[in-house]
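Peer 1: Here are the chains, one letter per residue:
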Amino acid sequence: MIEIQDVRKSFGALEVLKGIDLTVAKGEVLTVIGGSGSGKSTLLTCINGLEPIDSGRILVDGTEVHAKSTDLNKLRRKIGIVFQQFNAFPHLTVLENVTLAPRKVLGMSRADAEAVAVRQLQHVGLSDKLGVYPGRMSGGQQQRMAIARALAMQPGYMLFDEVTSALDPMLVGEVLDTLRMLASEGMTMICVTHEMKFAREVSDRVAFFHQGVMAEIAPPAQLFDAPQTPELQRFLAATA
Amino acid sequence: MFGYTFQWKQALARLPQMLDGALVTLQIALLSMALGILLAILLTVFRRSGSRILNAIATAWVEIARNTPALFQIYMAHFGVASFGIHLSPFTSLLIGITFNNAGYLAENFRGALKAIPDTQARAGRSLGMTPLQSFRYVVMPQMLRIAFLPMTNQMVWAILMTSLGVTVGMNTDLYGVTQDLNALTFRTFELFALAAVIFYLMTKTVQFGARLIAARMFRY
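Going down the list, the sequences are from chains A and B. As numbered in UniProt numbering, residues 1 to 240 make up the first sequence, in order. As numbered in UniProt numbering, residues 1 to 221 make up the second sequence, in order.
Among the clues, some could well be false.
According to the in silico footprint, chain B covers these stretches of chain A (three or more CB under 8 Å from chain B) [claimed, not checked]: (1) 70-78; (2) 101-111; (3) 149-155.
Under 7 Å between C-beta atoms, here's a sample of chain B residues computed to sit facing chain A [what the hints assert, rightly or not]: (4) 124; (5) 127; (6) 128; (7) 129; (8) 131; (9) 134; (10) 142.
Have a look at the derived ranges for each label pair, beta carbon to beta carbon [unchecked claim]: (11) A:106 to B:142: 18 to 24 Å; (12) A:50 to B:56: 26 to 32 Å; (13) B:218 to A:25: 47 to 53 Å.
I should point out that these hints are in silico values taken from the structure, not numbers from a laboratory. The C-beta atom is built at its ideal place from N, Cα and C for all residues, glycine as well.
Can you build the whole structure from these sequences, using the hints too?
Peer 2: So, in structure tokens, the structure goes:
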């Protein structure tokens, strides 16, 4: 379970999170929508401790992310994150990209790590690309590889930060299909996205962020069909 | 025309001795590069560590290495430390001096290379649970070494040429030292040093050619 309690965060004078309260249960798929600068991506990087917070608490399975005593390197093993920019490691083949962290962080043997990696790469449809360098693949393939790389750590949670935003429109579908598959398998996921149709389909709940505040949160049917706040009504009208 | 008769045969007769010297020169250059790269990586880690003391050490090193004569650096490694009762052989002093210089220049090259690698790479490593050092070691450093490969080749060329400064601290087994001694014996100054220059040229060209082959093999991405 991920518990976010009254989290505030500023970059200089700009307050990007103005007291966020949110709980994500095990197995839940939460999507987060909202305009640019609404704080939704920042929230993800706060959850895995890449960004410090100014006040409030974030608990992952009861462990406080920003407590001094927390071993973040250890905590991050159970929180996979995939970014808008795929961040493929260009100097490693696809297989090496996926086996690196299991070997170096989890201490798995090369053979074990490769077995896990091959399974995850099959999962995302890249089993024919094992020896290829990321630079030779499309954005969609690189992004699916990044998903497999995160999954190879066998995380309990997956965070997706606008993972289709940097993709050619033709390639969005294959990545969304991968996310749909994970959702159907019961993975606990938080997806920051601009893909409204996708959000409506896969989410248990959808949260709407506006200027650092979680303005609304509801199951998709309710949120999309009966928006309560004028901000969400405007946002949906603009993105429809 | 100038009343000087070239006697190339005399110089060429000394070629075997000079080639032995060239091997010593290569040995010093290779050692100083291997040590220099390791130290430059260490200096790079120091500069990224966030520690003020480590950063100051690394910055001072780079500043001195790049802004003082290489001759001064080699002198200090020999006569400078001798003032404190540390007596090093010319070989050791020359090696230390060139290594110091290499590390300083390479650390600066590495810094430039790091600028070309997006921060998101290290971040991606961290988000997979790697420590900052692991993320540097496995994600950032290999990319840095690739970008800095050409400057590293240049530094290797420079290291070969810098061995010639060894004569000032009494080095006489390297190519330049051997040539200087032969000159004192035979006075075939022009021929001997021209021959030495040709050997230097061939060594540096071989390094550049070899580097291109290595790059083609290693960097396939």
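Peer 1: Could you run down the list of hints and mark each one as holding or not?
Peer 2: Outcome of the hint check:
Beta-carbon proximity to chain B at under 8 Å applies to 4 residues in the region 70-78 of chain A; the threshold of 3 is reached and the given coverage holds. Residue count for the region 101-111 of chain A with a Cβ under 8 Å from a Cβ of chain B: 4. That meets the three needed, and the coverage hint holds. For the region 149-155 of chain A, the proposed coverage by chain B is satisfied: 3 residues have a C-beta within less than 8 Å of a C-beta in that chain, meeting the threshold of three. Nearest Cβ of chain A to the Cβ of residue 124 (chain B): about 4 Å, under the 7 Å cut. The hint holds.
Below 7 Å, beta-carbon pairs count as interface contacts, and residue 127 (chain B) has one with chain A at about 5 Å; its hint therefore holds. Proximity of residue 128 (chain B) to chain A holds as hinted, the smallest CB-CB distance being about 4 Å (cut-off 7 Å). The criterion of a C-beta within 7 Å of any C-beta in chain A is met by residue 129 (chain B), whose closest approach is roughly 4 Å, and the hint holds. Interface hint status for residue 131 (chain B): upheld, as the beta-carbon distance to the closest one in chain A is roughly 5 Å, under 7 Å.
Interface restraint check: residue 134 (chain B) against chain A, minimum CB-CB distance 6 Å, threshold 7 Å, status holds. Look at residue 142 (chain B): its Cβ gets to within about 5 Å of chain A, closer than 7 Å, so that hint holds up. For the hinted restraint 18 to 24 Å between residue 106 (chain A) and residue 142 (chain B), the CB-CB distance of approximately 20 Å keeps it satisfied. One distance hint, 26 to 32 Å for the beta-carbon pair residue 50 (chain A) and residue 56 (chain B), holds here, with the actual separation near 28 Å.
Between residue 218 (chain B) and residue 25 (chain A) the beta carbons are some 48 Å apart, a value that agrees with the proposed interval 47 to 53 Å.
Checked against the numbered hints given earlier, this structure breaks none of them.
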